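Enquirer: Throw the hints in and build the complete structure from the sequences for me.
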Amino acid sequence: MEIIGAGIGGIGGLIALIGYIWLIVVGFKQGGALWGILIFFFSFLAGLIFCIMHKTGWVPWILMVLGGILASLGMGLGISNTVMQEMNL
698 MEIIGAGIGG
708 IGGLIALIGY
718 IWLIVVGFKQ
728 GGALWGILIF
738 FFSFLAGLIF
748 CIMHKTGWVP
758 WILMVLGGIL
768 ASLGMGLGIS
778 NTVMQEMNL
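When we follow this note's numbering, the leftmost residue of the sequence shown carries the number 698, and every step to the right adds one.
Just so you know, these hints were derived from the structure itself, not from any lab. Everything numeric in this text was worked out from a predicted model, so none of it was measured. We put the beta carbon where it would ideally sit given N, CA and C, even for glycine. Careful: at least some of the hints might be erroneous.
[Unchecked claim] Just the calculated beta-carbon pair ranges, DEER-fashion:
#, residue 1, residue 2, range
1, 770, 739, 17 to 27 angstroms
2, 781, 731, 44 to 54 angstroms
3, 770, 719, 17 to 27 angstroms
4, 778, 737, 29 to 39 angstroms
5, 776, 714, 15 to 25 angstroms
6, 770, 750, 22 to 32 angstroms
7, 711, 778, 18 to 28 angstroms
8, 785, 726, 52 to 62 angstroms
9, 759, 729, 19 to 29 angstroms
10, 737, 763, 11 to 21 angstroms
11, 701, 783, 17 to 27 angstroms
Expert: Structure representation (structure tokens):
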């Protein structure tokens, strides 16, 4: 089960990274240097504000959020199985 959790976490992390880089590029292209830098440092919040204000960039922002959820889910699967094994349940 740890391997499945690590796989899901790795895929989720990769999806989040792709969305993050894509959103930074969209921020620099559509909003200029300020938006690109803001998204770089404050990815989720600045990305959401950017998407609302500029009405673009929703796909990379959603990828970033879903990837983060998948990564968290994978980590939770791996940790919960390890804890169960340590407790001999």
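Enquirer: It remains to establish, for every hint, whether it holds in the given structure.
Expert: We went through each hint and held it up to the structure:
{"no.": "1", "hint": "770 / 739: 17 to 27 angstroms", "result": "holds, 24 angstroms"}
{"no.": "2", "hint": "781 / 731: 44 to 54 angstroms", "result": "holds, 48 angstroms"}
{"no.": "3", "hint": "770 / 719: 17 to 27 angstroms", "result": "holds, 22 angstroms"}
{"no.": "4", "hint": "778 / 737: 29 to 39 angstroms", "result": "holds, 35 angstroms"}
{"no.": "5", "hint": "776 / 714: 15 to 25 angstroms", "result": "holds, 21 angstroms"}
{"no.": "6", "hint": "770 / 750: 22 to 32 angstroms", "result": "holds, 30 angstroms"}
{"no.": "7", "hint": "711 / 778: 18 to 28 angstroms", "result": "holds, 22 angstroms"}
{"no.": "8", "hint": "785 / 726: 52 to 62 angstroms", "result": "holds, 55 angstroms"}
{"no.": "9", "hint": "759 / 729: 19 to 29 angstroms", "result": "holds, 23 angstroms"}
{"no.": "10", "hint": "737 / 763: 11 to 21 angstroms", "result": "holds, 20 angstroms"}
{"no.": "11", "hint": "701 / 783: 17 to 27 angstroms", "result": "holds, 18 angstroms"}
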